[in-house]
Amino acid sequence: MKVWKYGDNINTDMLFPGKYTYTCSTAEEIKPHLLEDLDSSFSKDVSEGDLIFAGINFGCGSSREQPVVGLKAVGIKAIVAKSFARIFYRAAINQGLVLIECESAVKSYSRNGDVKLDIENGKIEVNGKTFSFPKLPDEILAIRDAGGLLPYTRSKLKNKYNF
Amino acid sequence: MTFAEKILSKYAGEKKVIPGQIVTIYPDHLLTHDNTAAIIQKVKNELEKYGVYSKSLSVIVIDHVVPAASEKTALNHKIIRDFVNKYKIENFFDVGIGICHQVVIEKGIALPGKLILGSDSHTCSYGAVGAFSSGIDRTEAASLLLTGETWLKVPNSIKITLNGKLSNGVFAKDLILHIIGDISASGANYCSVEYCGDVEQFSIDDRFTITNMGIEMGAKNSVFNVDGITRSFLNSMKISPSAYESIYPDEEALYINELYYNVSEIVPLISCPHTVDNVKTVGEIEGLDIQQCLIGTCTNGRLSDLKIAADILNGKKISPDIRLLVLPASKAIFESALKLGIIQTLVESGAIILPTGCGPCLGAHQGILAPGERCLSTANRNFKGRMGCKEAEIYLASPATVAASALNGKITDPRTEMKK
Numbered sequence: 001m002k003v004w005k006y007g008d009n010i011n012t013d014m015l016f017p018g019k020y021t022y023t024c025s026t027a028e029e030i031k032p033h034l035l036e037d038l039d040s041s042f043s044k045d046v047s048e049g050d051l052i053f054a055g056i057n058f059g060c061g062s063s064r065e066q067p068v069v070g071l072k073a074v075g076i077k078a079i080v081a082k083s084f085a086r087i088f089y090r091a092a093i094n095q096g097l098v099l100i101e102c103e104s105a106v107k108s109y110s111r112n113g114d115v116k117l118d119i120e121n122g123k124i125e126v127n128g129k130t131f132s133f134p135k136l137p138d139e140i141l142a143i144r145d146a147g148g149l150l151p152y153t154r155s156k157l158k159n160k161y162n163f
Numbered sequence: 001m002t003f004a005e006k007i008l009s010k011y012a013g014e015k016k017v018i019p020g021q022i023v024t025i026y027p028d029h030l031l032t033h034d035n036t037a038a039i040i041q042k043v044k045n046e047l048e049k050y051g052v053y054s055k056s057l058s059v060i061v062i063d064h065v066v067p068a069a070s071e072k073t074a075l076n077h078k079i080i081r082d083f084v085n086k087y088k089i090e091n092f093f094d095v096g097i098g099i100c101h102q103v104v105i106e107k108g109i110a111l112p113g114k115l116i117l118g119s120d121s122h123t124c125s126y127g128a129v130g131a132f133s134s135g136i137d138r139t140e141a142a143s144l145l146l147t148g149e150t151w152l153k154v155p156n157s158i159k160i161t162l163n164g165k166l167s168n169g170v171f172a173k174d175l176i177l178h179i180i181g182d183i184s185a186s187g188a189n190y191c192s193v194e195y196c197g198d199v200e201q202f203s204i205d206d207r208f209t210i211t212n213m214g215i216e217m218g219a220k221n222s223v224f225n226v227d228g229i230t231r232s233f234l235n236s237m238k239i240s241p242s243a244y245e246s247i248y249p250d251e252e253a254l255y256i257n258e259l260y261y262n263v264s265e266i267v268p269l270i271s272c273p274h275t276v277d278n279v280k281t282v283g284e285i286e287g288l289d290i291q292q293c294l295i296g297t298c299t300n301g302r303l304s305d306l307k308i309a310a311d312i313l314n315g316k317k318i319s320p321d322i323r324l325l326v327l328p329a330s331k332a333i334f335e336s337a338l339k340l341g342i343i344q345t346l347v348e349s350g351a352i353i354l355p356t357g358c359g360p361c362l363g364a365h366q367g368i369l370a371p372g373e374r375c376l377s378t379a380n381r382n383f384k385g386r387m388g389c390k391e392a393e394i395y396l397a398s399p400a401t402v403a404a405s406a407l408n409g410k411i412t413d414p415r416t417e418m419k420k
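Chains A and B, in that order, are what the protein sequence lines are. Residue numbering for the first sequence follows the numbering used here, starting at 1 and increasing by one per position. Residue numbering for the second sequence follows the numbering used here, starting at 1 and increasing by one per position.
Simulated from the structure, these hints should not be mistaken for lab results. Please note that a few of the clues may not be correct.
[What the hints assert, rightly or not] Non-contacting residues of chain B with respect to chain A, defined by C-beta distances greater than 10 Å in every case (computed):
(1) Lys15
(2) Pro19
(3) Leu57
(4) Val95
(5) Lys107
(6) Ser167
(7) Ile183
(8) Val199
(9) Ser240
(10) Asn408
[As the list claims (entries may be wrong)] Below, a list of computed lysine-lysine pairs in the DSS-like style, where the Cα atoms sit at most 27 Å apart:
(11) Lys49/B to Lys160/A
(12) Lys116/A to Lys31/A
(13) Lys77/A to Lys153/B
Think of the CB as a built atom: it goes at the ideal place given N, C-alpha and C, for glycine as much as any other residue.
Start from the sequences and build out the full structure, keeping to the hints where you can.
Here it is as structure tokens:
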């Protein structure tokens, strides 16, 4: 498991350049361009279970969801940041990607430091120090736990129309 | 209750809501644009099975890559037209009508007291006419197409009081850059922003510029209370007051932050690479050479913006080292600008008029920059790579600053050109 560390205000153009917005929409099309203008090694070296640590306002900018779809598809286990931009935060819930807002965990992290994550119990251990983060409200957690908004909506529609 | 609390309590069917509360709402409209093709693709089977929730919910505007730049984007547009015809979507605006946010206001779709969500971050613009509006992602838009409902967290609110009058050569764009520079790109994260004070000096065009950039400080929505300016704007569009409901915050409403600005002290400002909150005075970087100028976008492509630029460029030629791109924000604006001779003035000065749409703003189409180039733009974002090239620089300013700078080929304080 690797931790990818970035700074403040990582915007949607850095996460997925706007020039691909109308040519890439599937996860497979998105993956090679993830973080292209920020860190060219990311899309080549990222692997299942990796974490991202970042500063304030992660995901600011456009409403584009490709970064979230792509980061979920390459297997990012969670993004831990000091804060997130709101559309990115919603998009993550809707794709079932775990975001953790925990400033002290980010501050405690140092290069190659040890990180243990317990999503279920809302705990993150960084370099031997444990921090807790609040759970999402139940109605929101239900969306994330269904695997994202579309599976959630599909089951709701099935119940409503009974087919 | 604040504006946001009042409107969300109305849509949630509850007497009172408090910040942090999650409410289920049915928005009046769902805005989608070229991304509609990708959105309907996500729920293709469900649309076949269940149909759309309502044919009046969707507002679809094709504006991002227009006219189509490739076979792939042309196919996207075709998929959207087929969807519109099949499901009899009532509000559809094809290539050439305008930029989505401009169209939503111009066609009287955004009205006071309405709640509109859209899969575009600048959906927050409609607070210019007293609506609550906010951006969402494509997946949520897909779900809304089917169910018509979603959840919102009731936001905290920030009250911004504007005192005094803007000086000559200083515009709404300078004001919003001043505020963002002051509170930072995350200064209003998750919050509803209410503007009050000496706001009668701001036309709907000005208010649109200000609310449009709410997202650049992280806001969920930005709003100007309905007043005489709003009512006469709606009246000019033949919209009767019975068609909308003005919602005002209570006097005892609680704000998480209250900010005061003396707007008469603001000077022409410029947002420098690569974040919108990296704001300097134009004077600080005056003389920096640029290669491309852009006047347009959902932030500053309206008639008053084109007029300000034309007034500065009238009878003069832009620098031979500059490419000046102008994109009217809608067909209606283009037509008015034609009638008023504004387009003639711009073209004679050396401007290239592009079709109405988002154009170069997001680097998907037209006006892409080369490595090492600088562009001065009236758009809302200057992120690295935004205009298609990560080794280029984007600066953001008012249409007056862009026009004055186009004349000189260098960043120029518009007040020097306005005096001539």
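We went through each hint and held it up to the structure:
The non-interface label for lysine 15/B is consistent with chain A: the shortest C-beta to C-beta separation is roughly 20 Å, beyond 10 Å. Every beta carbon of chain A lies more than 10 Å from that of proline 19/B, the smallest distance being close to 13 Å; the non-interface claim holds. Listed as outside the interface, leucine 57/B is consistent with that label: its C-beta sits roughly 15 Å from the nearest C-beta of chain A, beyond the 10 Å cut-off. Listed as outside the interface, valine 95/B is consistent with that label: its C-beta sits roughly 13 Å from the nearest C-beta of chain A, beyond the 10 Å cut-off.
Distance check for lysine 107/B against chain A: the nearest CB is about 21 Å away, which clears 10 Å, and the non-interface claim stands. Remark: the non-interface label on serine 167/B is consistent with the geometry, its nearest Cβ contact in chain A lying 31 Å away (cut-off 10 Å). Listed as outside the interface, isoleucine 183/B is consistent with that label: its C-beta sits roughly 12 Å from the nearest C-beta of chain A, beyond the 10 Å cut-off. Distance to chain A confirms valine 199/B as a non-interface residue, since its nearest Cβ pair spans about 25 Å, more than 10 Å.
With a cut of 10 Å on Cβ distances, serine 240/B stays outside the contact zone with chain A, its closest approach being about 33 Å. No beta-carbon of chain A is positioned within 10 Å of the beta-carbon of asparagine 408/B; the least distance is around 29 Å. For a cut-off of 27 Å, the pair hint linking lysine 49/B to lysine 160/A stands: about 13 Å separates their Cα positions. A hinted pair counts as satisfied when its Cα atoms are at most 27 Å apart, and lysine 116/A with lysine 31/A qualifies at roughly 26 Å.
Distance hint between lysine 77/A and lysine 153/B is fulfilled; the C-alpha atoms sit about 25 Å from each other, no more than 27 Å.
In this structure, none of the earlier numbered hints is contradicted; all agree with it.
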